[in-house]
Amino acid sequence: MQFTGVRAFVVDDDVIVASTLAAILRLHGFAVRYYIDPTEALADALVDPPNLLVSDVIMPILSGIDLALQIKALCPDCKILLFSGQADTVDFVQDAQRVDANLHIMPKPMKPSMLLEVISQKLMQN
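To convert, note that position 22 of the sequence shown is 22 in UniProt numbering; the numbers rise steadily by one, no gaps.
Don't read these hints as lab results, they were simulated from the structure.
Be aware that one or more of the hints could be misleading.
Straight-line distance between alpha carbons at most 16 Å, and here's what the computed EDC-like set of lysine to aspartate or glutamate pairs gives [as the list claims (entries may be wrong)]:
#1 K108 / D14
#2 K72 / D48
#3 K122 / D77
#4 K108 / D44
#5 K72 / D44
With the hints as constraints, model all of the structure from the sequences given.
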C-alpha cells in the first residue's frame, strides 16, 4: 500500500511510539509529522491541516479525543484514528463517537499491517 501525498500527524506523549508510528507511515509514502505535545499538532493544523490524524487517547496536556474534536473543527475532511492501551473502555468509545460515528479506538500495541489496513479503510470513507 502506498499513500504518497497524504499528510499525516502522529501524536503520542511517548516519543518512541510517536516516532515509530511515523517511521512506519513514512515507509508507505505518507508525509508525516509526529508530536509528543498535542497542542503543537493543533497549532500546526491551523497552518497546514492534515489529511489523517493518528493519536493516542490518553495524554497529559490534551486528550486524543479532545484533539480530534478540535482538528475535525479545523479540517472536517481529516480522517481520525485513535489508539489506546485501554481501547475497550466504554467511556472512550462513547467519547470517540462524538468525533466520528464510524470511529473506533485501536488497541495498543498494534501490528503495522493492521494499522495500515485501518488507515486505508479510513481514507476511503467519505
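Okay, the hints, checked on the actual structure:
| no. | hint | in the structure |
| --- | --- | --- |
| 1 | K108 / D14 | holds (12 Å) |
| 2 | K72 / D48 | holds (13 Å) |
| 3 | K122 / D77 | holds (11 Å) |
| 4 | K108 / D44 | violated (25 Å) |
| 5 | K72 / D44 | holds (14 Å) |
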